[in-house]
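Based on the provided sequences and hints, a complete structural model is requested.
Numbering (full-length UniProt numbering), first residue to last: 1 to 105.
The reader is advised that the hints may include incorrect statements.
[As the list claims (entries may be wrong)] Taking lysine-lysine and the PhoX-like style, the derived pairs with C-alpha atoms no more than 20 Å apart in a straight line are:
#, residue 1, residue 2
1, K75, K87
2, K27, K98
3, K87, K98
4, K65, K27
5, K65, K75
[To be verified] Label-pair restraints from in silico Cβ distances:
#, residue 1, residue 2, range
6, L67, P18, 21 to 31 Å
7, Q9, C54, 20 to 30 Å
8, P43, L3, 37 to 47 Å
9, T78, N32, 31 to 41 Å
10, V47, G94, 19 to 29 Å
Treat the hints as calculated values from the structure; they're not laboratory data.
Virtual Cβ for every residue (Gly too), placed ideally from N, Cα, C.
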Amino acid sequence: MPLAVTGAQRSPLMPDVPTIVELGQPKLVLENFFGLSGPARLPAELVTRLHAACNEVLVMPDIQKKLTELAIVAKPETVAMFNGLVKDQVGVLGQAVKGAGIKLT
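What follows is the structure, given as structure tokens:
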């Protein structure tokens, strides 16, 4: 039985399982996510087209069904929102690594 989900909000796949925030640990929020990345300085027009195409696929009923079977909740977001999520998660994980005293050798 799961004790908590690490996301900021309860999972629609496990609505009765509390979040780590609800259990008093707001600094431990870790979102599971998938995204598409490209090289630096990718033309904005191409980013816009790829973003639109990905979001179009993510809302297709057969894709939604398969993702649900895999326990994946698709949340199409804007490019800026995704960039912010990645930045936030790097910050959270960076703090965890520093707090644990982990060092690269």
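### Message
Given the hint of 20 to 30 Å, is the C-beta distance from Q9 to C54 inside that range or not?
### Response
22 Å, holds
### Task
With a cut-off of 20 Å on the C-alpha distance, tell me whether K87 and K98 pass.
16 Å, holds
### Task
Look at the Cβ atoms of L67 and P18 and judge whether their distance stays inside 21 to 31 Å.
Holds - the Cβ-Cβ distance for L67 and P18, about 23 Å, lies within 21 to 31 Å.
#### Entry: Given hint K98 paired with K27 - CA-CA distance at most 20 Å
14 Å, holds
### P43 paired with L3, Cβ distance criterion 37 to 47 Å
45 Å, holds
### Message
Assuming the hint says 19 to 29 Å, is it satisfied by the Cβ distance from V47 to G94 or not?
### Response
Given range 19 to 29 Å: holds, Cβ gap about 26 Å.
### Query
Given the hint that K65 pairs with K75, does the C-alpha gap stay at or below 20 Å?
With a Cα-Cα distance of about 14 Å, the restraint between K65 and K75 holds, given a limit of 20 Å.
### Message
What's the verdict on K65 and K27, does the C-alpha distance respect the 20 Å limit or exceed it?
### Response
32 Å, violated
### Message
Would the hint linking K75 and K87 be met if the CA-CA limit is 20 Å?
### Response
Holds, at about 17 Å.
### Task
Can you let me know if the beta-carbon spacing of T78 and N32 is within 31 to 41 Å?
At roughly 19 Å between Cβ atoms, N32 and T78 fall outside 31 to 41 Å, so the hint is violated.
In this structure, the earlier hints numbered 4 and 9 are contradicted, and the remaining ones agree with it.
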